[in-house]
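> When you line the sequence shown up against full-length UniProt numbering, it's residues 1 to 247, in that order.
Think of the hints as simulated: they come from the structure by calculation, not from any bench. Quick caveat, the model's predicted, so the values are computed rather than measured.
Each computed SDA-like pair below joins lysine to any residue, with the alpha-carbon atoms no more than 25 angstroms apart:
no.: 1; residue 1: 197; residue 2: 122
no.: 2; residue 1: 197; residue 2: 170
no.: 3; residue 1: 204; residue 2: 166
no.: 4; residue 1: 18; residue 2: 194
no.: 5; residue 1: 154; residue 2: 225
no.: 6; residue 1: 204; residue 2: 136
no.: 7; residue 1: 154; residue 2: 164
no.: 8; residue 1: 73; residue 2: 91
no.: 9; residue 1: 154; residue 2: 128
no.: 10; residue 1: 70; residue 2: 56
no.: 11; residue 1: 99; residue 2: 72
no.: 12; residue 1: 21; residue 2: 49
no.: 13; residue 1: 146; residue 2: 90
no.: 14; residue 1: 146; residue 2: 134
no.: 15; residue 1: 42; residue 2: 11
no.: 16; residue 1: 209; residue 2: 138
no.: 17; residue 1: 211; residue 2: 228
no.: 18; residue 1: 211; residue 2: 120
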Amino acid sequence: MVYIVGAGSGDPELITVKGLKRVENADIIIYAGSLVNPEILKSAKEGCEIHNSAYMNLDEVIEVIERGHKEGKDIVRLHTGDPSIYGAIREQMDILREKNIPFENIAGVSSFCGASSVLQEEYTLPGVTQTVILTRMEGRTAVPEKESIESLSKHNATMIIFLSVGMIEELSERLMVGYSEDTPVAVVYKATWVDQKIVRGTLKDIAKKTKEAGITKTALVIVGNCLGNDYELSKLYDKNFKTEFRG
Numbered sequence: 001m002v003y004i005v006g007a008g009s010g011d012p013e014l015i016t017v018k019g020l021k022r023v024e025n026a027d028i029i030i031y032a033g034s035l036v037n038p039e040i041l042k043s044a045k046e047g048c049e050i051h052n053s054a055y056m057n058l059d060e061v062i063e064v065i066e067r068g069h070k071e072g073k074d075i076v077r078l079h080t081g082d083p084s085i086y087g088a089i090r091e092q093m094d095i096l097r098e099k100n101i102p103f104e105n106i107a108g109v110s111s112f113c114g115a116s117s118v119l120q121e122e123y124t125l126p127g128v129t130q131t132v133i134l135t136r137m138e139g140r141t142a143v144p145e146k147e148s149i150e151s152l153s154k155h156n157a158t159m160i161i162f163l164s165v166g167m168i169e170e171l172s173e174r175l176m177v178g179y180s181e182d183t184p185v186a187v188v189y190k191a192t193w194v195d196q197k198i199v200r201g202t203l204k205d206i207a208k209k210t211k212e213a214g215i216t217k218t219a220l221v222i223v224g225n226c227l228g229n230d231y232e233l234s235k236l237y238d239k240n241f242k243t244e245f246r247g
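Kindly produce the complete structure, drawing on both the sequences and the hints.
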């Protein structure tokens with residue numbers, strides 16, 4: 001069996017119990033290079049064959065999986081965060097289906113969840129926003145025109161931007177099409193890792209602060225008034241609100 005496992009956002013304790021069990025029992029592990037905390041690999045059993053996919057192309061990854069499958073081995077494809085978000089797993093799954101190699105997906109804790117925990121913030125606040133947009137700027141991978149930063153910014157929802165901190169100046173300018181320049185922003189480098197960094201500011205000054213912190217990659221940009229201090233109290237715990245359990 002092939003297991004596509006989310007390793008979590010960085011902290012080795014944020015891999016799921018199910019994911020860790022698969023790592024512990026794997027005969028072969030193919031992990032996503034420096035994006036996966038190597039502490040997790042210490043849980044692999046003695047004799048486990050370990051490959052760093054940072055030095056492999058897709059064909060080479062599939063070759064290792066196919067060989068392991070023919071040998072009756074359990075294989076873990078270990079991705080960062082949750083594999084469903086910018087994990088490039090669809091192409092791998094399609095090939096496995098074509099080759100009739102069984103696989104299972106095991107969810108992980110995405111870096112955007114890790115970022116909220118270290119920021120000690122909530123992305124959805126009553127009276128502020130009930131929507132979270134996960135997106136990225138175009139780079140080597142194009143972005144559909146209808147999903148441009150400018151277009152999405154006009155919703156004024158919480159926006160979490162992956163793979164774009166290296167273009168923070170351009171990103172800030174494009175976000176100000178929809179958000180005001182004083183909208184709160186946080187840049188979180190390597191959320192939940194021991195060397196994480198957090199930079200807070202506004203759209204007006206976040207580019208300068210991020211550059212001063214030396215952050216150029218492996219960071220999320222979180223934008224929105226969820227990072228501010230004004231919001232309504234939740235109705236869920238209002239003493240006048242009745243639920244199925246609280247009459």
